[in-house]
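Participant: One-letter residues, chain by chain:
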Amino acid sequence: MSTPSTSSAPAEAGPRDKHALAAAIARDVPDGAYVNLGIGQPTLVAEHLREGSGVVLHTENGMLNFGPVATGDDVDLDLTNAGKIPVTELPGAAYFHHADSFAMMRGGHLDVCVLGAFQVSANGDLANWHTGAPDAIPAVGGAMDLAIGAEQVWVMMTLFAKDGTAKIVPTCTYPLTGLACVDRVYTDLGTFELAASRGRADGAVVVRDLSGISLEELGGRLDVPVVLG
Amino acid sequence: MSAASILASYADAVADVEDGATVLVGGFGMAGMPVELIDALIEQGAKDLVIVSNNAGNGDTGLAALLAAKRVRKVVCSFPRQSDSWVFDGLYRAGQIELEVVPQGNLAERMRAAGAGIGAFFCPTGVGTPLTEGKETRVIDGRTYALEYPIKGDVALIKAHRADTMGNLVYRKTARNFGPVMATAARTVIAQVSEVVPLGGLDPEVVVTPSIYVDRVVCPTAQES
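Going line by line, the protein sequences match chains A and B.
Residue 105 is where the first sequence starts when you use the numbering used here, and the numbers rise one by one after that.
Residue 609 is where the second sequence starts when you use the numbering used here, and the numbers rise one by one after that.
In short, the hints are calculated from the structure, not lab data.
The structure displayed is predicted, hence computed values, not measured ones.
Certain hints may be false.
[Said to hold, decoys possible] In silico lysine to aspartate or glutamate, EDC-like type, Cα no more than 20 Å apart, as pairs:
(1) Lys266/A <-> Asp292/A
(2) Lys188/A <-> Asp692/B
(3) Lys682/B <-> Asp239/A
(4) Lys760/B <-> Glu708/B
(5) Lys188/A <-> Asp697/B
(6) Lys682/B <-> Glu626/B
(7) Lys266/A <-> Asp327/A
(8) Lys188/A <-> Asp178/A
(9) Lys760/B <-> Asp204/A
(10) Lys188/A <-> Asp668/B
(11) Lys655/B <-> Glu708/B
(12) Lys122/A <-> Glu297/A
(13) Lys678/B <-> Asp668/B
(14) Lys678/B <-> Asp647/B
(15) Lys760/B <-> Asp624/B
Kindly produce the complete structure, drawing on both the sequences and the hints.
Facilitator: Right under this line is the structure:
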């Protein structure tokens, strides 16, 4: 192809940047799904949802079907997302109180949530709320409720931390958010199918869409066995 | 309990809050935060308060100002650490305030339970994490749940959009958040509103918090009752 690649196509040649990653996640969200996007990078997924997909976004502070970030005269401080950023209201939106909002999560009504993470273990344990550092102020928000509540829990993160340590690990060393709850991990270097991997006799995690890394190199840098799926 | 009192003075509304009270404070960040009621509580002087709220203050106003005035012994919240939570951060790091972190859904459901007469409930959130350590657990249908107890307030300070003269409340957009839950969970419920309308002025089909939960409605432009 001679046309320049856009964020809608995965960069096969190199690691996926956050926009390519958000686009890859958006492509996997089923049409019409009810979805919660965690604060930070997961909110980028909203920008890549196909028009007409019918995906409905849930925000923990009590709203379904919010729209893009509000600008100018549309800014209303009574209408914000979980990141406390002013957003807009789409036709078909609904407001509800906090107990209902979290009942939707725990009750299995949300199809997908996308969260960031510090670490994910091979069996899907999630650590994303606290580094455990003595001077850190713990703050969990809705992460634990989402982790055990959404039907599909997807993580969006870089595969390696800034210091080069892997974030997919045999066992999480950071304080846990939820046990065996992550179904899939989208990373810059590939997508890990943890739900499909759970219970494998060889303990390996299944990876697809390798980007900018070979299976051999990936295997060498992770402490868990990986197989191509 | 009779219908709510309508007050024009924030100071009158919070005059009887006692030292050591557990105060439920509505809002998610600044949306739905009853800033004027909190300012009146600062002026009133109650101390050693336990504050239950989603966050631990933003910027220098509202809950952050109450913390800065050193009136709060303990904060029960889900998300204290934010980009603009410097007041709480400083007090916490100096060891001058206690913190109980509660997953956000548990915070809401524990208050809902208090308001609904539920003694405790088994919840899957946080099982296997530090936030349920030491809690009683039970396996139900193959899934592990932790036992969570209600959070009951002495006072709830909330912000709604409109009230009628009985104290029925409607909210505005995502400023609703914890308001309707907190309104059920405290002995004395005080709601600040932008407008009080006559009886019949709220469509009964859209009332979010029925008057039975509300003790005092405060609106500076309202006629007192």
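Participant: I'd like to know which numbered hints this structure contradicts. Please list them from smallest to largest.
Facilitator: Result: no hint breaks.
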